[in-house]
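Trainee: Chains L and F, in that order, are what the protein sequence lines are.
The first sequence begins at 1 in my numbering and counts up one residue at a time.
The second sequence begins at 1 in my numbering and counts up one residue at a time.
Keep in mind the hints are simulated off the structure, nothing from the lab.
Treat the hints with care, since some could be wrong.
[As the list claims (entries may be wrong)] Quick partial rundown of chain F residues pointing at chain L, CB under 10 Å, derived from the structure:
#1 L41
#2 L55
#3 G62
#4 M87
Here a beta-carbon is modelled for each residue, glycine too, at the ideal position from N, C-alpha and C.
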Amino acid sequence: MELMPVILFLFFVGLVLGLSFYFGRQTKSATSYFAAGGTIHWAVNGIAFAGDYLSAASFLGICGMIATAGYDGFLYSIGYLAGWIVALFVVAEPMKRLGKYTFTDALDAKFNSKGIQLAAAISTLVVSLFYLIPQMVGAGVLVTPLLGLPHAAGVIMVGMIVIIIVATAGMTSTTYVQFLKGGMLVVFSLALSIMVCQRGLTTTPDQAGTKPFYAYQTLAATASGDTLTLADPSWQLVGKIDAGGATFVKLSKGGAVTYWKKETKEGEATVQLRETQSLVVKPDGSKIINGAPASPENQLRQVGNLEEIRGKTGAEAVTGAIGPFELMSILGDSSTKARLWKEVKFKDGEDQVKIYTSYLVPGNKLMRPGMKFKVEGTTLEKIDFISLMLALFLGTAALPHILIRYYTVPSPACARKSTIVAIAAIGFFYVLTLYMGFGAMVNCVVNPADNNMSAPLLAKSFGVFLFSVISAIAFATVLGTVSGLIVAASGAVAHDIMDRYLALKMNEKQKVMAGKVSAFVVGIIAIILGIIFQGVNVTFLVGLAFAVAASANLPSVIMLLFWKKTTPHGIVASISTGIVVSIGIILFSPDMYALYGFDPKTAPIPFTNPGIFSIPASFFMLVAVSLLTWKEPSETSAEPLPIK
Amino acid sequence: MLHEPVAPVGKDLASDYKSRIGVWMFWLYAFIYASFVGINLLWPTSMENIVFMGLNLAVFYGFGLIVFALVLALIYNHLSTSREAAMNAEEASKGA
Chain L
1 MELMPVILFL FFVGLVLGLS FYFGRQTKSA TSYFAAGGTI HWAVNGIAFA
51 GDYLSAASFL GICGMIATAG YDGFLYSIGY LAGWIVALFV VAEPMKRLGK
101 YTFTDALDAK FNSKGIQLAA AISTLVVSLF YLIPQMVGAG VLVTPLLGLP
151 HAAGVIMVGM IVIIIVATAG MTSTTYVQFL KGGMLVVFSL ALSIMVCQRG
201 LTTTPDQAGT KPFYAYQTLA ATASGDTLTL ADPSWQLVGK IDAGGATFVK
251 LSKGGAVTYW KKETKEGEAT VQLRETQSLV VKPDGSKIIN GAPASPENQL
301 RQVGNLEEIR GKTGAEAVTG AIGPFELMSI LGDSSTKARL WKEVKFKDGE
351 DQVKIYTSYL VPGNKLMRPG MKFKVEGTTL EKIDFISLML ALFLGTAALP
401 HILIRYYTVP SPACARKSTI VAIAAIGFFY VLTLYMGFGA MVNCVVNPAD
451 NNMSAPLLAK SFGVFLFSVI SAIAFATVLG TVSGLIVAAS GAVAHDIMDR
501 YLALKMNEKQ KVMAGKVSAF VVGIIAIILG IIFQGVNVTF LVGLAFAVAA
551 SANLPSVIML LFWKKTTPHG IVASISTGIV VSIGIILFSP DMYALYGFDP
601 KTAPIPFTNP GIFSIPASFF MLVAVSLLTW KEPSETSAEP LPIK
Chain F
1 MLHEPVAPVG KDLASDYKSR IGVWMFWLYA FIYASFVGIN LLWPTSMENI
51 VFMGLNLAVF YGFGLIVFAL VLALIYNHLS TSREAAMNAE EASKGA
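Next up, chain L with everything else stripped away, as it sits in the complex (with noise of 0.2 Å):
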């Protein structure tokens, strides 16, 4: 364990935790916990939009699927941020004139239904879990290698760091946290992607001397029939698999097993093995990394890497320090070629193996979406990938811990200009991702097993100095997104529930101790579903928040404002219809039924991204109940929505 990672880790922890007492001695009302009393500045609220928006989806998640699957994590920058524009234009205003301390608020305005608070404050809570989950996932990746620390340990330490946070103060410390590490995510991203660019591209990076390039072996053999003999016959043939597509082959030497790829060129009888890397798990959990037992020295290696650079390879093709365009030019040249990596799992007699291995993709092809999301695919894959763009555009809108924080603010107009400041904020940092992604994939620091590491991991192919910060400010980022969650969440059980659903009557003390309570109860459950999640990449997950959070929340907020037939029973069916199915494809769909363990071809519903059903059920529900339900209102009763 490194010391500079330590003490900067424990700089920002301690710099957040005072100034989570420095605000929490100023809370003494609800209005001050719930929504900072309605004072924060609308350009300091931008930023803290920014530190809430960037979580560790945008930094750790969307990074790493850039440089595992190219072009199409780019894809959920241009989501995420096109959202805003919903915000902007549809929802910012009207917001901030609705509501008082949550989402619920607003939707309930003009009814003071009952079924409207509960259906409303269950959606806030089941979206701030679905979002909880991969900041969770993300503060256990960061922590591994910053202190050494198993995953759990992460998740646990996080959590209980913010359910400090948030039980101390609220939303003032909240948003002082995220404003100073929404800027410092900008400015030190810029500050990667500019040396990003300055490292220049080489078909053999070796992070600036610090760690050989390694030039993965193959082995030439022949084919005959279901027979295959290897040039070198210090090589043992024990074993051959087929999974993933691909056949691998065991080869022993010198007592070590390791597992090869086969690639055969059609019509010839020579084939070629490919070195691949392997950690296969034995009946008793003990280890084995590359056919040597797992230790702290022997772990899979970094991967990712050009083998050609327009056509080029080796001393030829080194090309120094480029410019921003110039690198994307390259990049996307046919004649550049990445080595990428995938895992394939299978079991081996008892073994559990998982197979790490590479193959060349064309600049042409991997600066274009195609690789995750097929759009070239089948029917249903193209309907894969509508679902996915049509949630990520609609869900920024409809997240709860975004929504609450027009409440911070003094008025709509300062809700519209922080919403600007977001955006360009947001949106310049969404541009750096390309850099820093693709950045990880050339200079071979991705980790094959779990790329949501691969930012922090290409800041310490720069330097130590530089690591310890960006880790620094990640887990700033986990802390400040989960601390608006779970701000969100205990605003939706103290306020929503228990003061407005069951009408208990407490006074301001009371409802401040609720919400503490709500966010240490909220704290243990995204603890244990942060340890439980391990491993997924974090942007895909906050992808289905997303989708969950725009069928259950968006359509009953744009009915509401647009839509004068709007009834509460329509807004309680819709939210219903919103959650139950979106999280009902989401449960049967096939990249979930592979984290069950399962066969993902066995899952009853063909796609993962519900948003393309569930979004158009949410809005239909709500119309035909609103239909069926609503009254023309009498000469003394009428009461327009309240928008002035």
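Once you've looked at the hints, dock chain F against the given chain L.
Mentor: For chain F alone, kept in the frame of chain L given last:
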């Protein structure tokens, strides 16, 4: 209103105007965003075409969507602020 905002919100005379231009700008952006999704589905290889300073269409369009969002946001803010100021001045002169 049954549940008042945290801070008192004054009368917003320009809210109808802002809502109207907001919806128009939303649809404009949604159309361009949908076109991006559509091109990817219908002509995916066209995303490889180099269109500007060595950038292919995928990167150029992606950056463009981000920049266009900011440009639209600034235009919206300018129009909204101008209208708010004009209507508030008009209201003040009526009051006087």
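Trainee: Confirm or reject each hint.
Mentor: Hint check:
1. L41: 5 Å, holds
2. L55: 6 Å, holds
3. G62: 5 Å, holds
4. M87: 12 Å, violated
Hint 4 from the earlier list is the only one contradicted by this structure; the remaining hints agree with it.
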